[in-house]
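Student: Given next are the chains, with one letter for each unit.
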Amino acid sequence: MITDASPAAQPELEPLSETSEEQLLEIAMGPQHPSTHGVFRMNVVLDGEHVVRLKPVFGYLHRNHEKIAESETYLGSMPYTDRLDYMCPITNNWAYALAVEKLAGIQVPERAEYLRVIVGELTRLQNHACLIGFLMQDMGSSGTPLMYAFREREKILDLFESLTGARMMCNYMRFGGCRVDMPAGWLEQAQNVVREFPRFLDEYENLLVSNEILMERTQGVGVLSKELAINAGMSGPMARASGVNYDIRKVDKYSIYERFAFRVPLGAHGDVYDRYMIRFLEMRESLKILNEAMRDIPAGPIVDPKMRIRGFRPKPGEAYGRIESPKGELGFYLISNGSLNPYRYRVRPPSLINLTVLEDLCIGQNVADVVAILGSVDIVLGEVDR
Amino acid sequence: MVGEGILKGLVETARNFFGSYVGKDRLTTVQYPEERLPQIEAARSFPFLVYDGPDWDKGMRCVACQICEKECPPKCILIKKSADKKPDAVGKPQFYPAVFNIDISVCMSCQICVEVCPFDAIKMDVDYDLSTDDRFGDLLLDKERLAKSNEYYNAIHPTEAAAVDAHFAEERAKAEAKAKAATEAKAAAEAKVAPAAQEQPVGGETQ
Chain A
180 MITDASPAAQ PELEPLSETS EEQLLEIAMG PQHPSTHGVF RMNVVLDGEH
230 VVRLKPVFGY LHRNHEKIAE SETYLGSMPY TDRLDYMCPI TNNWAYALAV
280 EKLAGIQVPE RAEYLRVIVG ELTRLQNHAC LIGFLMQDMG SSGTPLMYAF
330 REREKILDLF ESLTGARMMC NYMRFGGCRV DMPAGWLEQA QNVVREFPRF
380 LDEYENLLVS NEILMERTQG VGVLSKELAI NAGMSGPMAR ASGVNYDIRK
430 VDKYSIYERF AFRVPLGAHG DVYDRYMIRF LEMRESLKIL NEAMRDIPAG
480 PIVDPKMRIR GFRPKPGEAY GRIESPKGEL GFYLISNGSL NPYRYRVRPP
530 SLINLTVLED LCIGQNVADV VAILGSVDIV LGEVDR
Chain B
52 MVGEGILKGL VETARNFFGS YVGKDRLTTV QYPEERLPQI EAARSFPFLV
102 YDGPDWDKGM RCVACQICEK ECPPKCILIK KSADKKPDAV GKPQFYPAVF
152 NIDISVCMSC QICVEVCPFD AIKMDVDYDL STDDRFGDLL LDKERLAKSN
202 EYYNAIHPTE AAAVDAHFAE ERAKAEAKAK AATEAKAAAE AKVAPAAQEQ
252 PVGGETQ
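The listed protein sequences derive, respectively, from chains A and B. To convert, take the position in the first sequence, counting from 1, and add 179; that gives our numbering. To convert, take the position in the second sequence, counting from 1, and add 51; that gives our numbering.
Hints listed in this document are in silico derivations from the structure and should not be mistaken for laboratory results. Glycine included, each C-beta is placed from N, C-alpha and C at the ideal position. One or more hints might be untrue.
What the hints assert, rightly or not - These stretches of chain A come out as covered by chain B in the derived footprint (C-beta under 8 Å, 3 or more residues):
#1 380-392
#2 534-543
To be verified - Coverage of chain B stretches by chain A, computed from C-beta distances (three or more under 8 Å per stretch; other residues unrestricted):
#3 58-72
#4 84-95
#5 195-204
Claimed, not checked - Pairs of lysine-lysine residues, derived as DSSO-like cross-links and limited to a Cα-Cα distance of at most 27 Å, are as follows:
#6 B:Lys126 - B:Lys136
#7 A:Lys246 - B:Lys126
#8 B:Lys225 - A:Lys485
#9 B:Lys231 - B:Lys143
#10 B:Lys121 - A:Lys494
If we strip away everything but chain A, and leave its shape as in the complex, we get:
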């Protein structure tokens, strides 16, 4: 026994009791936790194994994107948008290009629209493939499913590299079109990838969809009700898994999406399993769009011939351009005062808004489920923190 000179100074510790409900423990999950998809921190208050409160802490990857963009030329921000949601750079380019085109009233040639749809849907494929791989990884199935997903992703990234020059930081869209046309043989290569892709989906569904462990871990976990999904401003697969029929490709009919026959898959329960399955279904719909777009792509210019690269000054005004990015509604809000750089530049990132309901989803769940729920929200910290 340790003898103390002043025993009165020591506060008496409460005895640990297994029944006490006051024994709360606050732990910080992240920012170095491997399951937090980057540098995201959750301050979780636990009662035993159950989550009582959860406070997300953002900002570890803040790069001042919006303010930098206000001191860059309009084109100068294009490569920076690649770095927002680095899993799908092309859709970021697209949303930004769309906002600037709205602001300046630029028309996009037919072929460029088709090219945009093709690369955009390929981006959706690789993002969703990655997501289901990561979700499996988060739930402890280490390695195999993620590597299968990455194998397919790599084929699509190879397509991006031979088209745009970079696997991930594509910098592909330009105001009024695309930067380069597809090189010889690219379309056949892409068609091959798209033709082979359903095989991967079938294999993956075989591998995990009816897996008892997966169902046990995901069904009824992290339920997002339809009302909350609408009230909290959810978008993308997150909202659709809760049964909200909201797809900007259908609502806004931007670009040429009204030409393609595709359906919007909806979930019924809004749990992790629905969010997981909806990605499979969306990939199958994307394949339909891709097949049609690759069949119909016309010849012609890929960029508005009136557009010049340097000295681009849109007339004063404001515009909000939004697209259905793989993660949800990605919007760019721009105000121009007629100078070379935007007066105000604002990003509406889907990841950040979808993350706001995290506490509602996690309360009452186990710590291990928090990881699965976070994985199903599909966040990329480059976009959350900007």
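Let chain A serve as the given structure and place chain B on it in line with the hints.
Tutor: Only chain B this time, still in chain A's reference frame:
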């Protein structure tokens, strides 16, 4: 049946495992330093400066117009214009960069410098084994280290380089034709002026 899904998954894993001994599509790993993927033509890493002919300093296409320096989003290019001029690829006297530095630890490989360059002087390299233990010196490329020959450019981006060369050949032919026309016109003018000049003093004498 409980466990059916797990068994199905295991069968799929086994198919991939044994399939990797037979088919190439299930074995996609490349043993990197020993084995390398074929270079993709459109790939890009960091910018370099193109020069024509054997001497990198004389044949440099860059005319120090500083457009890329201005347009570079992360501002990683530093150019100092020369005081004197020297003939460029077409033969016109132009400025040249006295200093041309690119800090590739800042560069983000966006290739906006390539797009804005009106002289086809700066292009993207495809080199990727660039790691170094000298963080500051080795990543700050000067003019000499940036200079690469047109033959190298043709080797890494054949389609693009062929178009650039064709454009230059056209420009040069145009410039030559113009120069030829100019000398002819000059000669003709001189021929015209010469008799007039001869006549004038004669006329002057007659006055």
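Student: Does each hint hold? Answer for all of them.
Tutor: Hint-by-hint comparison with the structure:
1. 380-392: holds (count 9)
2. 534-543: This one is violated; 0 residues, fewer than the three required, reach chain B with a Cβ under 8 Å.
3. 58-72: holds (count 6)
4. 84-95: holds (count 5)
5. 195-204: violated (count 0)
6. B:Lys126 - B:Lys136: With a Cα-Cα distance of about 26 Å, the restraint between Lys126 of chain B and Lys136 of chain B holds, given a limit of 27 Å.
7. A:Lys246 - B:Lys126: holds, 16 Å
8. B:Lys225 - A:Lys485: This hinted pair holds, its Cα atoms lying about 26 Å apart.
9. B:Lys231 - B:Lys143: holds, 14 Å
10. B:Lys121 - A:Lys494: Answer holds: Lys121 of chain B to Lys494 of chain A is near 22 Å, not above 27 Å.
Hints 2 and 5 from the earlier list are contradicted by this structure; the remaining hints agree with it.
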